[in-house]
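Visitor: Going line by line, the protein sequences match chains E and H.
Using this note's numbering, read the first sequence as starting at 1 and increasing by one per residue.
Using this note's numbering, read the second sequence as starting at 1 and increasing by one per residue.
It cannot be assumed that every hint is accurate.
Taking lysine to any residue and the SDA-like style, the derived pairs with C-alpha atoms no more than 20 Å apart in a straight line are [to be verified]:
1) H/Lys180 <-> E/Ser206
2) E/Lys260 <-> H/Thr311
3) E/Lys230 <-> H/Ser257
4) H/Lys315 <-> E/Glu250
5) E/Lys260 <-> H/Lys62
6) H/Lys62 <-> E/Leu139
The set of hints was computed from the structure by calculation and includes no laboratory data.
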Amino acid sequence: MNIFVCVKQVPDTETKVQPNGDGTFIETNAIKWIMNPYDEFAVEQALLVKAANAGSTVTVLRVGGVKDTEALRTAMAMGADEAILVEAEDNLDSYSIAKALKGAIEKSGKNPDLILCGKQAIDDDCLQVPQVLAEMISLPSVAVIVGFEQNGESVTVKREIEGGALEVYELNTPCILATNKGINTPRYASLPGIMKAKRKPLQQLSLADVGVEAGDRRVVYSNFQLPPEKPAGKKFDATDEANEASVVAEVVGLLRNEAKVI
Amino acid sequence: MAKVLVYSELNKGNVKPVTLEILGKLNGQDAEVAIIGDVSDEQVKVLGEYGANKIHKLKGDKLDKYSPEGYANALHNFIKDGSYDYVLAGATSAGKDFLPRLATKFEAGLASDCTNFIFEGDTFHGTRPLFAGKCLAKVDLQGPKPHFATVRPNALGMPETKNAGAGEASDASADAGDIKAIIKEIVASASEKVDLTEANIIISGGRAMKNPENFKILDECASVIGATVGASRAAVDSGFAPPSMQVGQTGKTVSPSLYIACGISGAIQHLAGMRTSKVIVAINTDPDAPIFTKADYGIVGDLYKIVPILTEEFKKILG
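With the rest of the complex left out, here is chain H (with noise of 0.2 Å):
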């Protein structure tokens, strides 16, 4: 059995949906969790009833706002007396940042962004995506222990059967150590969505816009739907939505249970990022885009009739 340390971040207050998906993949290694802040015992029931045995709570100066070095420091100086021999954590924008950092200061390896691994014994096999996903290989860590991953969000999925740990949970004082880039300020995203790799659905748009303002039958949608709204590099480099929103190759690799694509042709780069999606839809008025040999459910049509019927039909199931 390994000893696995679960870092989990927190997001109002609530563990993310990821711990939860890689706690529920550990059943059969120890799982302990450590948290950087506080968390309501509610939630520690919840990371118990998914199977960590132990929760830790990290507490210390300077770490009310997220850095790379006090967040990397702060877990080092926990982990290093833990004897553990994995430390996983989500492939959040933190989780992505500090991870790399943490694993350095320990002198071993990290396999970024994987999206299932499996334990053989002691060992950890994980699978990642390369080339935004065009290619699947098996990763392995070797080097000094513990060996790291991060986990991409909603890859796994929740576990269909818990298998509860002993659920304790314990204060940790945490030193943040010396911080040299520190934030003085968060801006605030416009929207208060989801991030695009975290969605559970995506609707995107693609050349066929025209315009950043007709984006706007998009957002009706996905406010019905819940769905965060997207868009391919054709859009974004032609300034009709922000690259924070670009999905691809060279944007953000997404895997929602639904993505649902409009007037997106489907280059090659698109496709990478897009094609772990459970469930694709596309529409498009051109019958050969390449976007429909991915797509689950295909709609040849104008967008700007179709999205609308759409919006409609949704809000009639969805009441």
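Isolated chain E (complex conformation) (with noise of 0.2 Å):
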């Protein structure tokens, strides 16, 4: 099977993000970057499946800054074959994206089996490429997959909605899936895994190289600020036994009283 991988390079998740100068986009230049967490999910997703159907490849995509390639390289560790990289600002939109993995995909000369994504990138938390991707190679998809399945040409795959339920679905390859927590457990890279991923082969790409231009920006960002700080709250001492209840009475009095929310 073919097996693609789009994955994102974010912010590492205790990163405390600050507005660049002229609020288009955060200031890139102390982050230490990571892939996206949810695309950990969809590699290992793909290692599972090339594990089951012998002969397979894994491409692993990225379409971002050039500054670091940590995404592709912990993906090569982890066991993908080769990756794909399309230069491009950090802050693209996700149509552009989406067409600029459409192109790349292309450009790869193998026909997709299978393409799996992490469900939303932490940075611009769009939930968007998936499906736009989707929609733009004309294949079926399932975002948010928490369970998966293959049997032949068939998948079965288990996608989680509101408060937990769950939407079982079957479908054929080639098709796209957006996996959410809880589908597996990424392994990490070994140590020989990752000396052999700085063999493996990275090919580069321009946007331009896979057909998008800055016409395709559907989205524009401004006014990048932090959000407004509340002002400090009110604070209790329950450690003592002798004020617990008097305190907890207080606070329910507040929320009923002064907050109105009770």
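Make the complex out of the two chains shown on their own, each in a separate frame, by following the hints.
Guide: Next comes the structure, spelled out in structure tokens:
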């Protein structure tokens, strides 16, 4: 099977984000970049499918800045065979990214049997790219999947919806699936894996190579700012057993009469 | 005046509250509503009261169950002849799933998960959180119309005054087209509670919960105040709660009216996911826990002692 995994490189979850000077994005100089956490589940699922289907290859795709190729090297260290990086600014919109991924898949010369993505990137949190890509290349897609079973050309997947309920879908490959936490436990890259990854092919393309132009941008961000800080709240000490009941009664009273949320 | 179509999802025959929140914000625009399936006259009346001029009930084969392809095809066929400027929907599970597909059929852009928006003349300007709410940005759309946006439930709030629309309902035939990903079965969740992302009150537990069984004390409190129970990443990664309960940057981003954090220290990635809650209560033994910097009401104390008292106090006032 020709398996593709789309990954994004995002700031580590512990990053304190700061808007940049002109408010068009965040300050990216001192950021620790990681593979988008939801994409780790996609890479792992690709490797599980590869192991179950002899002769498969896993190609990792990424559209983004080239300062650091952490996400692609990590994916190859986990076991992916090759990578394609499309160089672009870090705040490209979902439509352009999906179009670039479509172009990169075409450039690879392989017909995809399965395309895996994380359900969302934890930078812009759009949850769009898998579905937009699916529509652009006319493939069925199921997003937010927490269960996967393959039976020949048919796959059965579980999609998580409100309240933890599950929709069970059956569809045939080729298809696009977007993974959620809970589908698998991503492996750690082994030391030999990391060494090997350095020698695996990483092809670099420009946006022009994959047919994306400035006019493809659909969403424009401006005025990046930190959310307003809340004024300091009230803090009560209930570490002494004698105070517990009175403190709780006071807080409940405040919730009722001051905050009016109960 | 912009012509705006609001796609409304139904829950047990009722329009989801986020539809009414959106309609409330569309005062001054020509607002219409599209529903897939049928809806009662009473619900039609409600939509009219909140500002819908027309309510379109899309009916056709293969639309009894949700599917991303079927819903996107049905709405595409309906919208393409309607000369709409904008199509808005709630950022629900289904909305987040099929709106990107639908927008792409028009080669159009979609602003995801907006927490606010305004119209300047005929032009939509959204505000949305990025990095799970660590940042906010203005979002504008360009390219072919209609333009699309999803709106986060609970973020706008219900309008204080209603501006009624004509409220005329009609049926439209809808074509679901070719559906390749077909739902075989829906496995209901064990809990009947509203989802974290739509909950009005949330009570969450962190690493201090120590095991899955201890979540019972949160469940008891939740049942008194009608809350949904959540968990921090530490609690989920320790196996105390399933991933579907996780609040934070790698879980769900929530904005309830009241968020009660129990034994949660307040890692950056958790704070990002719940900081837009209107009122935050934190219970933690560590007086220096970062969660207290975001709390409107902080209680320094042992959750195992405080939460049961809290439950009793809530019972007293809620009878």
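Visitor: Could you work out which of the previously given hints the structure breaks and list their numbers from low to high?
Guide: Violated: hints 1 and 5.
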